[in-house]
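Top to bottom, those sequences are chains A and B. Mapping of the first sequence onto UniProt numbering: position 66 corresponds to residue 66, and the numbering continues sequentially without gaps. Mapping of the second sequence onto UniProt numbering: position 66 corresponds to residue 66, and the numbering continues sequentially without gaps.
Hint data in this document are derived by calculation from the structure and do not stem from the laboratory. Among these hints, one or two may not hold up.
Claimed, not checked - Here are some chain A residues pointing at chain B (derived, C-beta under 10 Å):
#  : residue
1  : Tyr41
2  : Leu56
3  : His58
4  : Ala127
5  : Asn128
6  : Ser131
7  : Arg133
8  : Glu137
9  : Asp140
10 : Ala144
11 : Gln181
12 : Glu185
13 : Phe186
14 : Phe370
Claimed, not checked - Quick look at which bits of chain B chain A covers, simulated, 3 or more residues with Cβ under 8 Å:
#  : stretch
15 : 126 to 136
16 : 142 to 148
To be verified - Under the rule of at most 25 Å between Cα atoms (straight-line distance), these lysine to aspartate or glutamate pairs were calculated in the DMTMM-like manner:
#  : chain 1 : residue 1 : chain 2 : residue 2
17 : A       : Lys89     : A       : Glu32
18 : A       : Lys75     : B       : Asp187
19 : A       : Lys184    : A       : Glu149
20 : A       : Lys184    : B       : Asp187
21 : B       : Lys120    : A       : Glu94
22 : B       : Lys152    : A       : Glu94
23 : B       : Lys38     : A       : Glu342
24 : A       : Lys152    : A       : Glu99
25 : A       : Lys184    : B       : Asp59
26 : A       : Lys228    : A       : Asp154
27 : A       : Lys89     : A       : Glu342
28 : A       : Lys38     : B       : Asp187
29 : B       : Lys120    : A       : Glu149
Being a predicted model, the structure only gives us computed values, none of them experimental. The C-beta atom is built at its ideal place from N, Cα and C for all residues, glycine as well.
Protein chains: 2
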Amino acid sequence: MRKPKIVILGAGYGGLMTTVNLQKKLGVSEAEIVLVNKNDYHYETTWLHEVSAGTLHHDRSRFKVADVIDKSKVKFVQDTVVDIKTAEKRVILENGELEYDYLVVALGYESETFGIKGLKEYAFSIANINSARQIREHMDYIFATYNNEPVKRDELLTIVVGGAGFTGIELVGELANRVPQLCKEFDIPREKVRIICVEAAPMALPGFDPELVEYAVTQLERKGVEFKIGTAIKECTEDGIIVAKDDQVEEIKAGTVIWAAGVRGSHLIEKAGFENMRGRVKVDPYLRAPGHDDVFIVGDCSLVINEEINRPYPPTAQVAMQEGVTCAKNLAVLVRGQGEMEVFKPDLKGTVCSLGHDDAIGIVFGRKLFGSSASFMKKVVDNRALFLQGGAGLVMKKGKFNFF
Amino acid sequence: MRKPKIVILGAGYGGLMTTVNLQKKLGVSEAEIVLVNKNDYHYETTWLHEVSAGTLHHDRSRFKVADVIDKSKVKFVQDTVVDIKTAEKRVILENGELEYDYLVVALGYESETFGIKGLKEYAFSIANINSARQIREHMDYIFATYNNEPVKRDELLTIVVGGAGFTGIELVGELANRVPQLCKEFDIPREKVRIICVEAAPMALPGFDPELVEYAVTQLERKGVEFKIGTAIKECTEDGIIVAKDDQVEEIKAGTVIWAAGVRGSHLIEKAGFENMRGRVKVDPYLRAPGHDDVFIVGDCSLVINEEINRPYPPTAQVAMQEGVTCAKNLAVLVRGQGEMEVFKPDLKGTVCSLGHDDAIGIVFGRKLFGSSASFMKKVVDNRALFLQGGAGLVMKKGKFNFF
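Next up, chain A with everything else stripped away, as it sits in the complex (with noise of 0.2 Å):
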């Protein structure tokens, strides 16, 4: 008798964790498992704000899929998804192809950019390693440059990231605390380097506790940040970006544009025709696509409601993982044939958000934390997320425990 194949899409949060669990569920005679990514790395997206600022190297944030996954279990194949064929159950890779009895598709988020002028031309997005690093790269010839001209034009050194939500706050943390190493490292004054962050909304961090949200404008303003509250970015240029608040309009001359507030699910999920919310599949209580039996969505690319409060989970790593862990559970009930499929519940531990390495705010179990607390619990949860993908060992290689 033939193996039921599983094929998993993307070794993102979802779906590794998905294959770190599947491998320990399923036996080697039980069913043929392939993971796909287009690296040979998985990385830590909550991570990649510090690699975009420069205050992480990149290869701290990532680990081989090789050294987490069982070699006699799963399969890895290196290479890009293309397209997705449910009504053939097949999937069209930039090198091939692969037939699948079950798919978990975990394809991850893109950058939303709303329509904005110039922003996919002329801003940088925070999408991967890739990118990431080419911002690090960027500010640091950005800095490089500027003694060089004959007229120094200060607003080379203006960086401008666009959006205060979680991103957004967590990436001007860690530029707070790279700047003045990257005034020392180019003879460059401080006060000449402008860091501001804008945000539509009437507040950063819209929807987290107003007290927590104070106390991190107060700190990074502190550190020499600049909000612009209240205030949209019409459009990007080469030069900066263009913003308004009210009527008033404004240019913000900047050579660094790092947009950081809107994300979406792949854009494969519509190409491959599943219904869906700007790449985000509303899945049943299993995580499977409607009216595909045999096909899972984990992570940015699933949407799951809230009923409490009637709106969907945010798209965030703990969420995704948790996924991750049902999503195996009932790709094991489905392949065995017996037992019942678990409905999925998140059991939201808490956010932090980070602002710097030094410096936090969060709520963990309903409460409040604020500073080296929070930033320590920071650390707790980068370090979990590395435990569950890959046990102590990868916690020993690649966690942080720079805590005070």
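Go by the hints and put chain B onto chain A.
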């Protein structure tokens, strides 16, 4: 009685050697000594190919002027020279003016592009610390960009060095060592990267011993450097260079073009009205500008003829530093109004050309050197320059001891 005022312009090899020798020779009461320099640091110009390639951090190749001058005898002014008015015995600075009784012009070199179209706009040149680290950061950025593009452009990774003279050869030697590190850092296969050295003359290192040149070229080719000898750069564009060999015209697309084929003396020499050839003044036997008994010119702005072969000595650090010693002696004679000025006669100990940190060629005390012994000698030469400028302490701080 007013003390005579000696103003030294530039803290490069020539100016700094004049200063440190002068402060040893003259007492506090004998003269007022003022040293003017654009930066608060001196840098080792002969190490800039390493800074540019990214194999040596720029802070390793510079030190504070304040660390080597005797503040009781020398006043240091950090400013940029704008013009020299010899008739009025005045120097115009960006932020002030200085009068002098004796002037030492040690304003160094500039890049000479011989009118080749586009070089100024699109090619980098190794002029100083600022430009060297910009080259390093540019290459980092280009390599970081490569994997972000939807269609990868291999030509981005091509590095063209214009000129296979001393600087060009030393630069490609460092690049050959640096490129594998860049490839590892940015996940790029080594074979995608080309290092091309273009030289218009019919051989690399024109004028150098042919056996040594052959060794150098063979070793560098083995490390992946491509030579295009007898090939002239006709134009530099945004996309690369256009070269011609015999009547064959070829475009070489490149993400980085570094011009290392020509230097000239400072443009201020011409502006001040000294008789000159490409910013270099043919000085009298005591190193004075013809017709100016109170103006000494040392370093790359001076031109001294080697009578034996009736050609100018090359503008090297070795000659500049020896000129500084003679210049200081002669100034002491003039200030005291006693003794005889010394005729400048270079004592050429040899030349060593590095081929990366682990290889070199050279002629030292008339003996040919290859490989590790030449590489060792190169580091001895570098450390000796530091010793002459700032003593044993400076050698310990900035010296090169990675001998093997």
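Verification of the supplied hints:
A cut of 10 Å between beta carbons decides the hint on tyrosine 41 (chain A): the least distance to chain B is about 9 Å, and the hint holds. Taken as an interface hint, leucine 56 (chain A) does not check out: its beta carbon lies about 14 Å from the nearest beta carbon of chain B, beyond 10 Å. Of the supplied interface hints, the one on histidine 58 (chain A) holds, with its beta-carbon coming within about 9 Å of a beta-carbon of chain B, less than 10 Å. Taking 10 Å as the C-beta cut-off, the interface hint given for alanine 127 (chain A) holds, the closest approach to chain B being about 9 Å.
The interface hint given for asparagine 128 (chain A) is met, as the beta carbon of that residue sits about 9 Å from the closest beta carbon of chain B, less than 10 Å. The restraint placing serine 131 (chain A) at the interface with chain B holds, with a minimum CB-CB distance near 6 Å, inside the 10 Å limit. Taking 10 Å as the C-beta cut-off, the interface hint given for arginine 133 (chain A) holds, the closest approach to chain B being about 5 Å. Hint status for glutamate 137 (chain A) relative to chain B: holds, with the closest Cβ pair at about 4 Å, below 10 Å.
Checking aspartate 140 (chain A) against chain B by beta carbon gives a least distance of about 5 Å; that is within 10 Å, so the hint holds. Against a cut-off of 10 Å between C-beta atoms, the interface hint on alanine 144 (chain A) holds, since the closest Cβ of chain B lies about 4 Å away. At about 13 Å, the closest approach between the beta carbon of glutamine 181 (chain A) and any beta carbon in chain B exceeds 10 Å, and the interface hint on this residue is violated. The restraint placing glutamate 185 (chain A) at the interface with chain B holds, with a minimum CB-CB distance near 8 Å, inside the 10 Å limit.
Of the supplied interface hints, the one on phenylalanine 186 (chain A) holds, with its beta-carbon coming within about 7 Å of a beta-carbon of chain B, less than 10 Å. Taking 10 Å as the C-beta contact cut-off toward chain B, the hint placing phenylalanine 370 (chain A) at the interface is violated, the least distance being around 35 Å. For the stretch 126 to 136 of chain B, the stated coverage by chain A is satisfied: 5 residues place a CB nearer than 8 Å to a CB of that chain, which reaches the threshold of 3. Against chain A, the stretch 142 to 148 of chain B contributes 5 residues with a C-beta closer than 8 Å to a partner C-beta. That satisfies the three-residue criterion, and the hint holds.
Only pairs whose Cα atoms come within 25 Å are accepted, and lysine 89 (chain A) paired with glutamate 32 (chain A) is accepted, the gap being roughly 15 Å. About 23 Å separates the Cα atoms of lysine 75 (chain A) and aspartate 187 (chain B), which keeps this hinted pair within 25 Å; it holds. For the hint pairing lysine 184 (chain A) with glutamate 149 (chain A), the CA-to-CA distance comes to about 18 Å; that is within 25 Å, so the pair holds. Pair hint lysine 184 (chain A) plus aspartate 187 (chain B) does not hold up; C-alpha atoms about 28 Å apart against a cutoff of 25 Å.
Our distance criterion of 25 Å between C-alpha atoms is broken by lysine 120 (chain B) and glutamate 94 (chain A), whose separation comes to about 42 Å. Proposed proximity of lysine 152 (chain B) and glutamate 94 (chain A) is supported: the alpha carbons are some 15 Å apart, at most 25 Å. The straight-line distance between the Cα atoms of lysine 38 (chain B) and glutamate 342 (chain A) is roughly 71 Å, outside the 25 Å bound, and the hint therefore fails. Distance check on the hinted pair: lysine 152 (chain A) and glutamate 99 (chain A) sit about 58 Å apart at the alpha-carbon level, beyond 25 Å; violated.
Between lysine 184 (chain A) and aspartate 59 (chain B), the direct Cα distance comes to roughly 11 Å. Compliance with the 25 Å bound is thereby established for this hinted pair. The straight-line distance between the Cα atoms of lysine 228 (chain A) and aspartate 154 (chain A) is roughly 20 Å, inside the 25 Å bound, and the hint therefore holds. For the suggested pair lysine 89 (chain A) and glutamate 342 (chain A), the alpha carbons sit about 24 Å apart, so the restraint of at most 25 Å is met. Using a Cα cut-off of 25 Å, the hinted pair lysine 38 (chain A) and aspartate 187 (chain B) holds, with the two alpha carbons roughly 13 Å apart.
With a C-alpha separation of about 13 Å, the suggested pairing of lysine 120 (chain B) with glutamate 149 (chain A) holds against the 25 Å cut-off.
Violation of the numbered hints given earlier is confined to hints 2, 11, 14, 20, 21, 23, 24; the remaining hints are satisfied by the structure.
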